[in-house]
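Residue numbers (this note's numbering), protein chains in the order written: chain A, 12 to 339; chain B, 52 to 405; chain C, 128 to 442.
If you're looking for bench data, these hints aren't it; they were derived computationally from the structure.
Keep in mind that this is a model prediction, so the values were computed, not measured.
The beta-carbon is built from N, C-alpha and C at its ideal position, and this holds for glycine as well.
Mixed in with the good hints, there may be bad ones.
[To be verified] Short derived list, chain A residues pointing at chain B, Cβ under 10 Å:
#1 PRO32
#2 LEU67
#3 HIS220
[As the list claims (entries may be wrong)] Derived CB-CB ranges, DEER-like:
#4 B:GLU136 <-> A:THR190: 32 to 42 Å
#5 A:PRO114 <-> B:ARG187: 34 to 44 Å
#6 B:ARG214 <-> C:VAL282: 22 to 32 Å
#7 A:PRO114 <-> C:ARG265: 53 to 63 Å
#8 C:ASP342 <-> A:THR26: 12 to 22 Å
#9 C:PHE296 <-> B:GLU75: 37 to 47 Å
#10 B:THR366 <-> C:PHE268: 26 to 36 Å
Here's the letter readout for the chains.
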Amino acid sequence: MSVLSVRDLEVTYSTKGGDVPAVRGVSFDIGKGEVLGLAGESGCGKSTIAGAILRLHAAQTKIGGAITLDGEDVLGLSPGKLRATRWTGASIVFQGALHTLNPVQKVGDQIVEAITVHHMAADKEAYVRAGALLEQVGLPPRRIDDYPHELSGGQKQRVMIAMALACSPSLIIADEPTTALDVMVQAQVLKLLRSLQNDLGLAMLFITHDLSVLVEVSDRLAIMYAGKIVEEGAATEVFHTPVHPYTKALAAAFPQIGDPRFRRHPSGLGGDPPDPQHIPSGCPFHPRCAEVTDVCPEIDPQLWEAGAGRRAACVHAVGAPAFEASQP
Amino acid sequence: MIDPAEVGGVPQIGPPVVEVDDLEVNFKGRVGFIAGLMGRKGYDAKAVDGVSLTLHEGEVLALAGESGCGKTTTARAIMGLIVPEKGTIRFKGKVLPRAVGALRPYRRQVQMVFQDPTASLNPRQTIYEIVAEGLRIHNVNEGPNGEGEEQLVAQALSRAGLRPPERFYLLYPHELSGGQRQRVVIAGALVLDPSVIVADEPVSNLDASVRGEILALLMKFLEELRISILIVTHDLGLAWTVADRVAVMYLGRVVEIGPAEEVLQRPKHPYTKALLNVVPKAGGTERPILQGEPPDPTRIPAGCRFHPRCPVVATGRAERLGILGRCTGEDLALDQIAPGHDVACYLTELGEEP
Amino acid sequence: MKTETIPPVTDLPPPLPPKKVSPSRIRWLRRRRALTRFWAQFRTNKMGLAGLVILLFFIGMAIFSVFANPDRLDPTITTNGPVLAGPSWAYPLGTDRDGISVLSLVVEGSRTSLFVGLTASLISMVLGSAVGIWSGYRGAFSDVVLMRVTDAFLVIPWLALAIVLAAVFGQNLWVIIFIIGLTSWAGTSRLVRAQVLSVKERTYIERSRALGGSDWHVVSRHVLPNVMPVIFANTILTIAIAILSESALSFLGLGDPLHVTWGTIIEDAFSHGALSLDKPLWLLAPSACIVLVVLGFTMVGFAMDEIVNPRIRER
Chain A
12 MSVLSVRDLE
22 VTYSTKGGDV
32 PAVRGVSFDI
42 GKGEVLGLAG
52 ESGCGKSTIA
62 GAILRLHAAQ
72 TKIGGAITLD
82 GEDVLGLSPG
92 KLRATRWTGA
102 SIVFQGALHT
112 LNPVQKVGDQ
122 IVEAITVHHM
132 AADKEAYVRA
142 GALLEQVGLP
152 PRRIDDYPHE
162 LSGGQKQRVM
172 IAMALACSPS
182 LIIADEPTTA
192 LDVMVQAQVL
202 KLLRSLQNDL
212 GLAMLFITHD
222 LSVLVEVSDR
232 LAIMYAGKIV
242 EEGAATEVFH
252 TPVHPYTKAL
262 AAAFPQIGDP
272 RFRRHPSGLG
282 GDPPDPQHIP
292 SGCPFHPRCA
302 EVTDVCPEID
312 PQLWEAGAGR
322 RAACVHAVGA
332 PAFEASQP
Chain B
52 MIDPAEVGGV
62 PQIGPPVVEV
72 DDLEVNFKGR
82 VGFIAGLMGR
92 KGYDAKAVDG
102 VSLTLHEGEV
112 LALAGESGCG
122 KTTTARAIMG
132 LIVPEKGTIR
142 FKGKVLPRAV
152 GALRPYRRQV
162 QMVFQDPTAS
172 LNPRQTIYEI
182 VAEGLRIHNV
192 NEGPNGEGEE
202 QLVAQALSRA
212 GLRPPERFYL
222 LYPHELSGGQ
232 RQRVVIAGAL
242 VLDPSVIVAD
252 EPVSNLDASV
262 RGEILALLMK
272 FLEELRISIL
282 IVTHDLGLAW
292 TVADRVAVMY
302 LGRVVEIGPA
312 EEVLQRPKHP
322 YTKALLNVVP
332 KAGGTERPIL
342 QGEPPDPTRI
352 PAGCRFHPRC
362 PVVATGRAER
372 LGILGRCTGE
382 DLALDQIAPG
392 HDVACYLTEL
402 GEEP
Chain C
128 MKTETIPPVT
138 DLPPPLPPKK
148 VSPSRIRWLR
158 RRRALTRFWA
168 QFRTNKMGLA
178 GLVILLFFIG
188 MAIFSVFANP
198 DRLDPTITTN
208 GPVLAGPSWA
218 YPLGTDRDGI
228 SVLSLVVEGS
238 RTSLFVGLTA
248 SLISMVLGSA
258 VGIWSGYRGA
268 FSDVVLMRVT
278 DAFLVIPWLA
288 LAIVLAAVFG
298 QNLWVIIFII
308 GLTSWAGTSR
318 LVRAQVLSVK
328 ERTYIERSRA
338 LGGSDWHVVS
348 RHVLPNVMPV
358 IFANTILTIA
368 IAILSESALS
378 FLGLGDPLHV
388 TWGTIIEDAF
398 SHGALSLDKP
408 LWLLAPSACI
418 VLVVLGFTMV
428 GFAMDEIVNP
438 RIRER
């Protein structure tokens, strides 16, 4: 049974300028001990999904579809049960360096807050547990008395991870956890996440725009564009043999050093990721697609078979139905 | 002086355009008032501590390293935005003056593209005014072929890929996307017909799929307009894509500099090797990673400044090779190991690989 | 290379006509566009609109008092009517102890009150902005020195200073304006300095310097336009305070006896026992005007603050 099961998720923000459909029908599963990488650029909806799983969005946000966490229907939970599920069922590691730690509270107090709010331990025990958590993420336990400004970027990220582990969740959602970090520290944090995930048998949803990081860390990979998943499959396969033209373009933006194809040959897409309020008709990628056909502006692509364990929402997928060209 | 024919087999590289010699930039340490009264002194941060490099006509030089290594400060010093403690910067043979007023003609020739395209544009100015600003500062009323201001602006916008240019004149920055904003910054730099563009992380704030286009644009200028480019980046993949030569910096010094194919595939300095190791690639996280954080420029280690984190020292290999004493005690400078390829490491004397 | 797709912006101006496109025309079009946008936003702000209506009413009153001068409304023509009369058709707000219509007094007073308010706050704005920009942009020594001067002025008890200056220079309208300006510029200066400090660090300032811009160019082209909205919103509020200050000074008897302002009317009324004589209109009319005008300026000022707030404007 999967730890997290998402079916036809739709998230629409209500703003002064109208409704913004950030997520338009996304489905995926994450099994125990599995890492699913979710990649995409600005406006694709990936961070919205992270918030939706724990129902962190504002009340006016419309959420449709089904989210099942550990067998429980998250969207149907009462407020009391929802609060109990947050952090114990699934927790989030945010882009830590910035503003996610309270600057006027000691780091240890913040971890303890997570523990005591869920009545997992009383005060003294909670501090002991906090110290143990810090050790688990590679920091000396005495750091529980430090304030956030006394820690470096990488150390703050480790504290975020320790907080996420505090209530032994079954799922960790990592939302751009290494984006603001230096390459060396990023590598350290990724190694830590992977080893923790392995040792504790956690399921992980790793969200980032950096495809190369995902390939390293994930088992499976899902690429998002304009609120939908456009390709999914095993991580290395999706990266090295992409089917969807968007995945091809995205993969080309992360060149492998030593590969002569990339040398002096930057490739990218024209145009920009679409504004969620003005999504092009038909296949949302068609205005920027290098392999666009006549039918693309009119059809609504679904995730069709594109190989073993692979699906892609593109007419070029092998499992796509044959479309009649609209004009002969 | 690098023989163009020997530089990675790219023959169209010309004579030196910007020459940096022994550059030093310090940031003063601060102490609180009371602490100062008590005689405590702040430590100066030696952001750039003796950097020499050369940018040739028609080449792309990548300045790479982690944050705090001094690459951005070096770029700013080359732009004349920071006054160095010591060292000289020569542009086409002439030494750069210190006074801001005297720097003006230089500024026409050397332009900068910044990391954050949104922050680089004044939100109250229209695109036309942003691009025309350079022309107005330098009182350029006429182009080389008699074009008026409007024509020059239109040309710059077109060259930067914003077509038709007229549709952009009255738009404000917040009405454009990230990629378009960066193109506006580039157009603003192009309009003055510079010889050198200094780009500080020009694409890291942009969406991944858009980066390639901006990089392709910069490379086009290289070919068509013979502009030399100095790119500051932490991304070695980017250096692989666009750079002719790569200079790797650590704690205020250049530790390795050479043709991109050499430095990125056969690194001779342990730090370069470590940086290349952490570029993510498929296949998992099992590879040697340096411990610790980028070091503090106010406390520079004795001897080779990389020795506290150097894997060669940590694994005892330095001791076995008999160089440990020098690694921890003697400071060293760049040494040429092959034409066009310099490294600052004691291993090279022994002919060892990191 | 594919051409850029332009995002669908609904209020995109039409493409410029193929004939002469000059920088000044662009500047004019930009200003016009900026103004229309500002108005479109302001129009939706109910508080701002209400305030604006109030202000327009009183400004109209002030202009009227300048141009329309029939005998009936000229306060210097004395002994018109019954002394201390109640409201009637001929004298809608009653009369004062000299028989002058209170209505005409109030109308006449609006002109001077608004004039004092506007001029004093103009002085305060110019002085405060200059000091704020200079100390914020220059930093270091200038900043330290100027900020200590500003602190000094912030601390001075303005009333005591006013009394002293009035005693020394006499009771003159310009002395009043000067006093009010002198005691209120410090607040503006602090505000402007804070804004300049935050603007100074922005990348477009650095870009302008990288392009070769001199200090003057950077300040006038980039710092000032981005600081201007804050200055403007603050000035609107300062006008309200200036009018209140003037009334207070006049009420204390330091006003200019040759000019009629709402403050002097109140002073007159109060000292001649309007309350005890049960002729409240004489006192209430000018007071109501002051309250309404201050309210009007405050509402407009707050509305502008909302619009000008960079978190809303810059996406």
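Checked hints:
1. Contact between PRO32 of chain A and chain B, as hinted, is not supported at the beta carbon level, the nearest pair being about 19 Å apart and thus beyond 10 Å.
2. About 24 Å separates the beta-carbon of LEU67 of chain A from the nearest beta-carbon of chain B, more than 10 Å, and the hint is not met.
3. Because the closest C-beta pair between HIS220 of chain A and chain B is about 6 Å apart, less than 10 Å, the hint holds.
4. A hinted range of 32 to 42 Å holds for the C-beta pair GLU136 of chain B and THR190 of chain A, which are about 34 Å apart.
5. About 43 Å separates the C-beta atoms of PRO114 of chain A and ARG187 of chain B, a value consistent with the hinted range of 34 to 44 Å.
6. The supplied range of 22 to 32 Å is broken by ARG214 of chain B and VAL282 of chain C, whose beta-carbon atoms lie about 59 Å from each other.
7. Checked against the hint of 53 to 63 Å, the C-beta distance between PRO114 of chain A and ARG265 of chain C comes to roughly 30 Å, which is inconsistent with it.
8. Checked against the hint of 12 to 22 Å, the C-beta distance between ASP342 of chain C and THR26 of chain A comes to roughly 41 Å, which is inconsistent with it.
9. Against the hinted window of 37 to 47 Å, the Cβ-Cβ separation of PHE296 of chain C and GLU75 of chain B comes to about 58 Å, which falls outside the hint.
10. The hinted window of 26 to 36 Å between THR366 of chain B and PHE268 of chain C is violated, with their beta carbons roughly 53 Å apart.
The structure shown violates the earlier hints numbered 1, 2, 6, 7, 8, 9 and 10.
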